[in-house]
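J.: The listed protein sequences derive, respectively, from chains A and B.
With the working numbering, letter number 119 in the first sequence gets 119, and the count goes up by one each step, no holes.
With the working numbering, letter number 284 in the second sequence gets 284, and the count goes up by one each step, no holes.
The set of hints was computed from the structure by calculation and includes no laboratory data.
The structure displayed is predicted, hence computed values, not measured ones.
One or more hints might be untrue.
27 Å max Cα-Cα, derived DSSO-like pairs, lysine-lysine [as the list claims (entries may be wrong)]: (1) K199/B with K62/A; (2) K232/B with K75/B; (3) K443/B with K113/A; (4) K192/B with K37/A; (5) K443/B with K393/B; (6) K120/A with K133/B; (7) K113/A with K192/B; (8) K199/B with K37/A; (9) K189/B with K37/A; (10) K120/A with K199/B; (11) K232/B with K199/B; (12) K295/B with K192/B; (13) K443/B with K232/B; (14) K199/B with K75/B; (15) K373/B with K393/B; (16) K133/B with K113/A.
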Amino acid sequence: MTRTSALIALMATSIVATPIATASDLTVTVEGISDVKGSIMMGLFDETTYNGDGAVSGANLKVEGSAVTATFADLEPGEYAVRLYHDVNDDGEMNTNPFGMPTEPYAFSNDAKGRFGPAKWDDAKFIVEADGTAHTITMN
Amino acid sequence: MDLSRRHFIEASLGTSMVGALGACSVNPRGAEAATGLSGQAGMPDWHIGYQNAPTHGFEPAPMQLVFGKPPADLKGSLYRNGPAQFQYGEQFASHWFDGDGLVHRIAIEDGQAVHQARFVATRKRREELVADKFLAPGFGTLGDESYSVQSSDDVNAANTSVLMVNGELLALWEAGSAFAMNAETLDTKGPKTWRDDLKGMPFLAHPKVEPDGRVWNLAVGGPRVGIYRISKSGVLEDFGMVDIGRAAYIHDWTMTERHLIILVQPWINENLRPPVVAGFEWQPQHGLQMLIVDKDDFTRQRWAQAPARMFFHTGSAWEDSDGTIKFDVVLYKQPVLGVGGGAAEIRGEWTGYESREDGILTQVVIPTSGDAKLVETGIVGEFPQVDPRYRGKQRRMTALTSGSTPNRPGTTGLATHDWSTGRSQNFAFGDNRIVEEFLFVPKAGGASDTESWLVGSVLNLKAGVTEVCVFDAANVNDGPVCIWQADYSWPLGFHGTWA
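Sequences and hints are given; from them, build the entire structure.
T.: Next up, the structure:
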């Protein structure tokens, strides 16, 4: 249950949209969204923030089709990871059942999956190159 | 029972009524099983109860009437569930409780019985089948590190019982969602979500159905327990949470017409991480506590206290006019798991008899104030069942499997106990048959629970086939009314329902 709470806390990290794209951009596409409503709430993390409360950056993306795309600009090249959830009912929270398990879809970069908790940094991390990177996450 | 009928049953069933002479090897059909599970080389005969079912289950196949005359009014389906995948190649499952659920339907009409079965298509089932090895963690299984677990349904074996609600068949486990299935074809539809905010909540494998069809059930997660109230049309009417104080193991519970009774046994598991079985701790200093919850207002609660006991299964409860609550339950003086039980049998090993703890059918009497009393019947057994017309109400009868043998796991007989007279009856099938749960099926026009059929399955070890037997609940001593026999055996199961 402790790990579940940690997962929720991590997924619910406050995030801010950064719409301007320049060099060293990261483009993250989320595919396979089954419920066309609500928003994809995405957090971008580096290793030091991945298991904490803050995010390097984030995006709140209205769902109007089966895919959405976010662009993060002016990133330092290096290792990053994405955590996201689909805020289906647009209440700004990752909803959970009474035992704290998420009831809204969520995903991690590399389509990494956790084992009794969120995906580990080593499984979710990917490299943002100096000349830009595109990354795709598939919801399931 | 006339002499010729008894003689035939003794000869064909190998009962112990005539002692060792009764252990006859005659197969009523005069031949060994033609298809299905055959014994593995070097394994004892009882091991057919712990062998894999065919990957795609069993297509509908008529069973043969091998004894007696089927009751003309017996029409419906016996649905059962149980673990049925124990081995991939040379790899054995770590625990009986972690085998994938195989849901059976034995459709009975016009004296004919037809058996069919399908595995529940859980994620665990699908991925392990593809990988050809066990992956998911579970009750007695550590699991493969590569297998992701993001919700309890990722490890759901859907292997414990079944429930029919408004024509929808549900395969039940205790730590995850119910799985909806087609009641005719046994095709899996998927996990059942009773309400969006309850997605993934556990749905215990022992729901309680009131005589009018309303369903009550629990969601157990450590010391917090959810309560479902579901209409007979399958709509969630209410859900609430109560605190039971400790992470007690809860497999079953009971209810009267007015109250839910949650038994908080002193068998605690604070660490619900795989393998779950490794985390149990017996803490008898707490005794057996019971939280009594008002069905109309979950905040209205009181506690009752009894001496320390462990249990798996209750029969049912009722309230006397003065508010005294009475229910029957099979109680053990100490836990019967956590010592390897359920693992060795899969490998064909049986050392459990010496270390076993007998479960005694017991009536718990909870006065309106003061401690509860335990009234033991002396009947050793398991899988207690009552007439569905009397769930929550005062009644006479409990039926349960009974008896054991040093030579193998499983029970050997069927017993009934009449609470109004204190009389018990028993039919001993003998060492060559493993007896499974028997369900009450009300006779047409029957006015009390003594006017019922008892329907259940029996694994015939001599013939290597599974049988379905019918008893008259009022005359269990007389032996089966009729027996249908399959051409094959299927693995031992846990619980069922009649619909």
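J.: Now look at each hint and say whether the structure bears it out.
T.: Structure-based check of all given hints:
The suggested pairing of K199/B with K62/A holds, with an alpha-carbon distance near 24 Å, which does not exceed 27 Å. As the CA atoms of K232/B and K75/B are separated by approximately 21 Å, the hinted pair is consistent with the 27 Å bound. Distance check on the hinted pair: K443/B and K113/A sit about 53 Å apart at the alpha-carbon level, beyond 27 Å; violated. Distance restraint check for K192/B and K37/A: the Cα-Cα separation of roughly 22 Å lies within the 27 Å cut-off, and the hinted pair is therefore satisfied.
At most 27 Å may separate the alpha-carbon atoms for a hinted pair to count; K443/B and K393/B meet this at roughly 18 Å. For a cut-off of 27 Å, the pair hint linking K120/A to K133/B stands: about 25 Å separates their Cα positions. As the CA atoms of K113/A and K192/B are separated by approximately 23 Å, the hinted pair is consistent with the 27 Å bound. For the suggested pair K199/B and K37/A, the alpha carbons sit about 19 Å apart, so the restraint of at most 27 Å is met.
A distance of roughly 24 Å separates the Cα atoms of K189/B and K37/A; the hinted pair therefore holds under the 27 Å criterion. As the CA atoms of K120/A and K199/B are separated by approximately 24 Å, the hinted pair is consistent with the 27 Å bound. For the given pair, K232/B sits about 21 Å from K199/B by alpha-carbon distance, which is consistent with the 27 Å threshold. The straight-line distance between the Cα atoms of K295/B and K192/B is roughly 23 Å, inside the 27 Å bound, and the hint therefore holds.
Between K443/B and K232/B, the direct Cα distance comes to roughly 22 Å. Compliance with the 27 Å bound is thereby established for this hinted pair. For the hint pairing K199/B with K75/B, the CA-to-CA distance comes to about 36 Å; that exceeds 27 Å, so the pair is violated. With a C-alpha separation of about 20 Å, the suggested pair K373/B and K393/B falls inside the 27 Å cut-off, and the hint holds. Of the pairs offered as hints, the one joining K133/B and K113/A holds, with about 20 Å between alpha carbons and a cut-off of 27 Å not exceeded.
Violated hints for the displayed structure, listed by number in ascending order: 3 and 14.
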